Amino acid sequence: PDAGTAAQGRVDRSVEPAVDSVMKAKPHHLIVGVSIEAVWGGLSGADALRKRIEDRSGTAVTLASDALIAAVRASNIDGPIAVVAPYRPPGMEQVKNFFAECKIPLVRTRALPHDRSIDLAHYSKASLAEALRAIDGPDIAGIVQFGANVAMARLAGEAENWLGKPVIAVNTATYWHGLRSLKIDHKIDGFGQLFRDH
Numbered sequence: 468p469d470a471g472t473a474a475q476g477r478v479d480r481s482v483e484p485a486v487d488s489v490m491k492a493k494p495h496h497l498i499v500g501v502s503i504e505a506v507w508g509g510l511s512g513a514d515a516l517r518k519r520i521e522d523r524s525g526t527a528v529t530l531a532s533d534a535l536i537a538a539v540r541a542s543n544i545d546g547p548i549a550v551v552a553p554y555r556p557p558g559m560e561q562v563k564n565f566f567a568e569c570k571i572p573l574v575r576t577r578a579l580p581h582d583r584s585i586d587l588a589h590y591s592k593a594s595l596a597e598a599l600r601a602i603d604g605p606d607i608a609g610i611v612q613f614g615a616n617v618a619m620a621r622l623a624g625e626a627e628n629w630l631g632k633p634v635i636a637v638n639t640a641t642y643w644h645g646l647r648s649l650k651i652d653h654k655i656d657g658f659g660q661l662f663r664d665h
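Numbering of the sequence shown is given in our numbering, commencing with residue 468 and proceeding in unit increments.
A couple of the hints might just be wrong.
[Claimed, not checked] Have a look at the derived ranges for each label pair, beta carbon to beta carbon:
1) G631 x I585: 30 to 36 Å
2) S591 x P484: 28 to 34 Å
3) V574 x M490: 37 to 43 Å
4) L510 x G546: 18 to 24 Å
5) A601 x P572: 18 to 24 Å
6) L649 x R540: 14 to 20 Å
7) D545 x W629: 16 to 22 Å
Since the hints were derived computationally from the structure, they do not count as laboratory data.
None of these values were measured; they are calculated from a predicted model.
Glycine is no exception: its CB is placed at the ideal position from the N, C-alpha and C atoms.
Could you build all of it, start to finish, from the sequences and the hints given here?
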């Protein structure tokens, strides 16, 4: 397999050990901090992953797949989106297929370059800002960022000011969705309109 598919396979094999480890803390809800695994195989793949984790943990689960759909809708994005993600072609195809299945038009993607998975945590703010500006355009109603290891949460909030449209970071959306699933309605500034207004 290529590097992207191999990386997804490593994530998949780590699911049960990770769940077993965190359940020692006896949480009431799990927020799963991976994004490509949550959309691999579309909606049926997301459903299977959710059931797999719920069966293993015995608790409710928030996945990026659920969170991003809810975030796009809550943000009133009425038109095509663009996606920025650190994925190679097989992973980006999974993202495209997922949004197509959700009837959310995705018209442009931009892959963030990297040689090793560890590089995902070390993109500069300037390089991420450049990627957002490069993918934007008058045809884009909102931008979604995939890649849970990419530090985009605060920058996404800032970017909304200079792009004039919703910019949804996957970690922000997933945490937001987890809290709202538990009826925790705290509004938080500094991470964009999603947490501030919804």
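Hint check results:
no., hint, verdict
1, G631 x I585: 30 to 36 Å, "holds (34 Å)"
2, S591 x P484: 28 to 34 Å, "holds (32 Å)"
3, V574 x M490: 37 to 43 Å, "holds (40 Å)"
4, L510 x G546: 18 to 24 Å, "holds (22 Å)"
5, A601 x P572: 18 to 24 Å, "holds (19 Å)"
6, L649 x R540: 14 to 20 Å, "holds (19 Å)"
7, D545 x W629: 16 to 22 Å, "holds (21 Å)"
No hint from the list above goes unmet by this structure.
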